[in-house]
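Asks: Those sequence lines, one after another, are chains G and B.
Each residue of the first sequence is one higher than the one before, counting from 0 in numbering that gives the first Met the number 0.
Each residue of the second sequence is one higher than the one before, counting from 0 in numbering that gives the first Met the number 0.
Don't take every hint at face value.
PhoX-like, lysine-lysine: derived pairs with alpha carbons at most 20 angstroms apart [as the list claims (entries may be wrong)]:
1) K11(B) x K148(B)
2) K31(G) x K20(G)
3) K35(G) x K52(B)
4) K20(G) x K85(B)
5) K23(G) x K28(B)
6) K31(G) x K52(B)
I should point out that these hints are in silico values taken from the structure, not numbers from a laboratory.
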Amino acid sequence: MEIAIWAFIVFVLVALFKTLKYEKSNAIYNEKELLKRYFEIKTINPNYRISYLRDWEKHAVNVLEEEINSKKNRVVQLKSIDDIK
Amino acid sequence: MISLELGYFIAKFYLAGYFLCFILSYKNKNRNLSNLIITTIALVNCIFNQYLKEALDFYTFYLGAAFQVLVLLLISLILHLYFRIKHEKSTILVYGLYILIAISFMVIHRVRVVVFDSDEHILWLINAQSAFTLILYFLSICALVYGSKILWKSQFGRLSSLF
């Protein structure tokens, strides 16, 4: 019984440190700071969000094309069937 | 030496203090939710404590007390994670004080039950420990008042018009 509660103390301490670390690393808890930072950047460069989106779009297109290419490469191409078509 | 009546009187005073902290942190406009959670659980714990005290016997009294404090911490941790509320510094300070209280309960259980098996020889130690825990509880109340982020001028500024 006594050992169980000592173990429980250690468990609670570990859980406390884990949650504190999680809060530090997770962005959900820093929303206000992130929003402030976003508005700061926006005052410097008003097109920041749009340019970021364009970059993201280009990146997405590239990724999709690469995926399609890689899929094509994997398929065993039977030339005889292509000829029939 | 602390007499039992004085101890209970101080405990009642602390219960009122916790209730005051609850009201302060609930009514405050820019309220600190982390503080509100820990105060509410501590208040519920204070009331539930009176029923649990009668259920425990000589061998489980201090174990039960330590277990209660730890469960308090665990519930508040779970609530913080569930509602996605960030821990404040004052709340972490209160956690530290409560863990110290739990460890002191465990030490007193060890000395009382395993080493001596009676209260008579170590009354001074039990009294010292109760004084220690009462001081820590008082410090935790101070931390909770600090954590309620109360602005004394805006809250009690109207009192100055009375004088």
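Asks: Return the numbers of the hints above that this structure violates; sort them in rising order.
Replies: When the structure is compared with the hints, numbers 1, 3, 5 and 6 turn out to be violated.
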